[in-house]
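Produce the complete structure using the sequences and hints provided.
Residue numbers (the numbering used here), protein chains in the order written: chain A, -18 to 315; chain B, -18 to 315; chain C, -18 to 315.
In this list, chains with the same sequence are indistinguishable; a pair is considered to hold if it fits within one copy or across any two.
Lysine to aspartate or glutamate pairs mimicking DMTMM-like chemistry, simulated, CA-CA at most 20 Å apart:
# : residue 1 : residue 2
1 : K67       : E(-6)
2 : K117      : E63
3 : K(-5)     : E63
4 : K117      : D64
5 : K117      : D16
6 : K67       : D16
7 : K143      : D224
8 : K143      : E158
Since the hints were made in silico from the structure, they are not lab data. What you are looking at is a predicted structure, and each value in this text was computed from that prediction instead of being measured.
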Amino acid sequence: MAEQKNTWAHRVEKCHFLRWIDTLLRGAAQVMFQDSAWCGLFFLLGIGWGAWEEGIPEVALGAVLGLFVGTLAAHILGAPSEDIRKGLHGYNGILVGCALPTFFGANTVCWVLVVAGSFFSTVIMLAVSRFLRTWKVSAMTGPFVFTTWFILLASYNFARFKMTGLPHPSFPIQPAEAAAVLPGIEVLARAVLKGVSQVFLIGNEVTGLLFLVGLACSSLPASIFAWCGSAVAIATAAFLGADERAVAEGLYQFSAVLTAIGLGSAFYSPNWRVILYALLGTVFTVIAQGALNVALSPLGIPTLTFPFVIAAWLFLLPNLQFMPESHRTTSPSA
Amino acid sequence: MAEQKNTWAHRVEKCHFLRWIDTLLRGAAQVMFQDSAWCGLFFLLGIGWGAWEEGIPEVALGAVLGLFVGTLAAHILGAPSEDIRKGLHGYNGILVGCALPTFFGANTVCWVLVVAGSFFSTVIMLAVSRFLRTWKVSAMTGPFVFTTWFILLASYNFARFKMTGLPHPSFPIQPAEAAAVLPGIEVLARAVLKGVSQVFLIGNEVTGLLFLVGLACSSLPASIFAWCGSAVAIATAAFLGADERAVAEGLYQFSAVLTAIGLGSAFYSPNWRVILYALLGTVFTVIAQGALNVALSPLGIPTLTFPFVIAAWLFLLPNLQFMPESHRTTSPSA
Amino acid sequence: MAEQKNTWAHRVEKCHFLRWIDTLLRGAAQVMFQDSAWCGLFFLLGIGWGAWEEGIPEVALGAVLGLFVGTLAAHILGAPSEDIRKGLHGYNGILVGCALPTFFGANTVCWVLVVAGSFFSTVIMLAVSRFLRTWKVSAMTGPFVFTTWFILLASYNFARFKMTGLPHPSFPIQPAEAAAVLPGIEVLARAVLKGVSQVFLIGNEVTGLLFLVGLACSSLPASIFAWCGSAVAIATAAFLGADERAVAEGLYQFSAVLTAIGLGSAFYSPNWRVILYALLGTVFTVIAQGALNVALSPLGIPTLTFPFVIAAWLFLLPNLQFMPESHRTTSPSA
Chain A
-18 MAEQKNTWAH RVEKCHFLRW IDTLLRGAAQ VMFQDSAWCG LFFLLGIGWG AWEEGIPEVA
42 LGAVLGLFVG TLAAHILGAP SEDIRKGLHG YNGILVGCAL PTFFGANTVC WVLVVAGSFF
102 STVIMLAVSR FLRTWKVSAM TGPFVFTTWF ILLASYNFAR FKMTGLPHPS FPIQPAEAAA
162 VLPGIEVLAR AVLKGVSQVF LIGNEVTGLL FLVGLACSSL PASIFAWCGS AVAIATAAFL
222 GADERAVAEG LYQFSAVLTA IGLGSAFYSP NWRVILYALL GTVFTVIAQG ALNVALSPLG
282 IPTLTFPFVI AAWLFLLPNL QFMPESHRTT SPSA
Chain B
-18 MAEQKNTWAH RVEKCHFLRW IDTLLRGAAQ VMFQDSAWCG LFFLLGIGWG AWEEGIPEVA
42 LGAVLGLFVG TLAAHILGAP SEDIRKGLHG YNGILVGCAL PTFFGANTVC WVLVVAGSFF
102 STVIMLAVSR FLRTWKVSAM TGPFVFTTWF ILLASYNFAR FKMTGLPHPS FPIQPAEAAA
162 VLPGIEVLAR AVLKGVSQVF LIGNEVTGLL FLVGLACSSL PASIFAWCGS AVAIATAAFL
222 GADERAVAEG LYQFSAVLTA IGLGSAFYSP NWRVILYALL GTVFTVIAQG ALNVALSPLG
282 IPTLTFPFVI AAWLFLLPNL QFMPESHRTT SPSA
Chain C
-18 MAEQKNTWAH RVEKCHFLRW IDTLLRGAAQ VMFQDSAWCG LFFLLGIGWG AWEEGIPEVA
42 LGAVLGLFVG TLAAHILGAP SEDIRKGLHG YNGILVGCAL PTFFGANTVC WVLVVAGSFF
102 STVIMLAVSR FLRTWKVSAM TGPFVFTTWF ILLASYNFAR FKMTGLPHPS FPIQPAEAAA
162 VLPGIEVLAR AVLKGVSQVF LIGNEVTGLL FLVGLACSSL PASIFAWCGS AVAIATAAFL
222 GADERAVAEG LYQFSAVLTA IGLGSAFYSP NWRVILYALL GTVFTVIAQG ALNVALSPLG
282 IPTLTFPFVI AAWLFLLPNL QFMPESHRTT SPSA
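This is the structure:
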């Protein structure tokens, strides 16, 4: 890995264009806290495959557009260049670019909103990062969530937004008794992978697999935590009685995947105490997913990755020290 | 009081078990800002009496369980031991333990949630405390409220939660004209005491009386402010035209009781200016109670003590100095 | 201007009563970030004219009462006198005083609430200002919004509030296809001026003109940004397909007006980069207006100026430096 990176690093330093490509790939990878172009490449492959398979090519297009505009915005606004170089101003844009064409028909207004939204997401990234710097906590995917919520909410208010994928606003109603029959191993294995792929709003097993491979290129523990986070989320959701179809689609897992990677391997180095803390955080994320599903149901918008964001902020703010000072990793996202 | 405490303090220092008991009792007392085992004992007696009288013994069991798990969690997570010793990591857990069996049928999922929720409440306590330390403001009962809201909201989303005591989600509707007839003295006296008892989600006059006695053991002004806070809340609610039955049950008073004790005697030493400020805060709390009743009605969850939390934060953040520096008390909760 | 001010300044320093008047006028002007008694005088004239024309004289009375009580509260609570002198504790009160009689029938409870609300708005101003001082960001009209939201929400809960101007709580519904016909120049010109006047909750062209004149007395760029902000908001709202009648009444413009003045001339000195940033912020404010219209529709309360508040906080928090340190203006509101 180190040698591969050196050759690439050489070429990248020489060529302005390649440096941009490298930065954009890292931006994709930062959605799951990785500062690695290889990881980002697999993520983009996964998005491309999933978008093609599910018949939503505009999601792949939106992803690339959002990634580019978000990063460009950081240059224009004068963000610190070392942050830009790590991809920290691309990961919110790529998610905005995946989300908007998922919920809107791909008309002109939609593409204008992808561009504007990715730009806004970088402004909000700078705002949230400065706010949270006081406690040395990262913005997580908060800027993506806030930007996209604003635009999704606004769609109910403006006639030119073509709404296609939003739930109907309604009062929360408890589902009937949960099914007692356990699903088979294959269904579970698919649900775990779809849980990983849903981080980018795509429900596709191969995409999930490509994401895990990409993570492993950058950090094997990250890949393992991602898989385990999805599995733990399925177990928790099943114990509490979640809707089976939603679990099969990965909708209770994607935020938990991010919490597991974040607490388990990104903001702390893994050891036994950290693993238990990440487990606790992952369980909390599933409850938060349920709570936010309900809290947002009268507004007719999805939670996006906010269950992860709130879990990460609450579990990182205590600033617990699980190991001697010298062994700690510093947080990968500013 | 001081001598009693000395003998007790002696025994407590010698015996690990007694120190735990003493810590737990202080945890109960910290719900109303008291660092006193005697006060906590009366609180537990009050909860026990109320739970027995009202036919809800699981609330008393939940209280003890939540108190224990919350405090244990602080040990496990490595919270500062002087904070734990003052009971600052028990008061959110005891409230979570009172609340969940009040709103849920006491099945297995409920008890698992009491344990998990009390644990989460300590994580959130550490998070909120670190966040607010920047302004030297305490977490109040915020961690209890956030934890319980998450779990109550999630109950609409998962089939295995047995909902028994939650209101139906609905749009807010203004009540018809308020009754012009004033209730009698006895009804008012009961309403004042029930307002105090509702701090622990119990509507029982004797419980309210035991709480006032407990407060008086620790601080006579605290006890007086509690009683007066409840009375002021009744007057304010009646002036604004609140539902009589809700007032008779203490539902407009419990947050106001906490605001009155907090502003009047816990975070400031009482003098005339402080009394007027506490009065203002108490009136604000009743308006906030009405506002939050409405804001939460589409979600079908109760306000819990959030009207107090928001009032305390807003009225303490200005950091007003009502007396010379040397005379001020330091805040009792971290 | 400078000489005028000197004579006035002389008299003002000699006479306690005139100093109060001068402070109150500055309080009115601070709603649009101006520290100028002349500007405030035109604002009060505009409010008076609009209230008279629209047949709502109680709004003018409420404005003066709220302005006075908010400023008085700051004296009583011991706020820094240089802040009071600049009008920083009057601008939230005047808005509370405009808002409550707009939404409530002018009965006794309403006037009590204007007095109490203006007082609370100063407490909340001190709280929010201290909170935000950490990042050197101003409270904006946040204290007005929070105070008024609390009171408006509470009105659904208490029988003695006489609700007259609040929308019905309902689920958000997307409007039908937007009209393709462009309105004429006159209609647009009126809509721009009404957008300015709606900052004080009044829909009247002459009032808008008086506000622009008042702004020009204090700062010509502020006046230009106000007009342009309203125009940009109309264009944005029309592009997105907003309800024509709401645009004609100025309801998509008033927050954008504040964002444009704030980002363009108050917190930054105007240059090309600042103008583009203010334009971006203004467009964002219109989307936020739509989003908040939707988010608040189940609660039946209006957004007030919160779209501006959230835009200003998000766009000022990044603390972007558009010019050399020595040329920057310091923020006018604490």
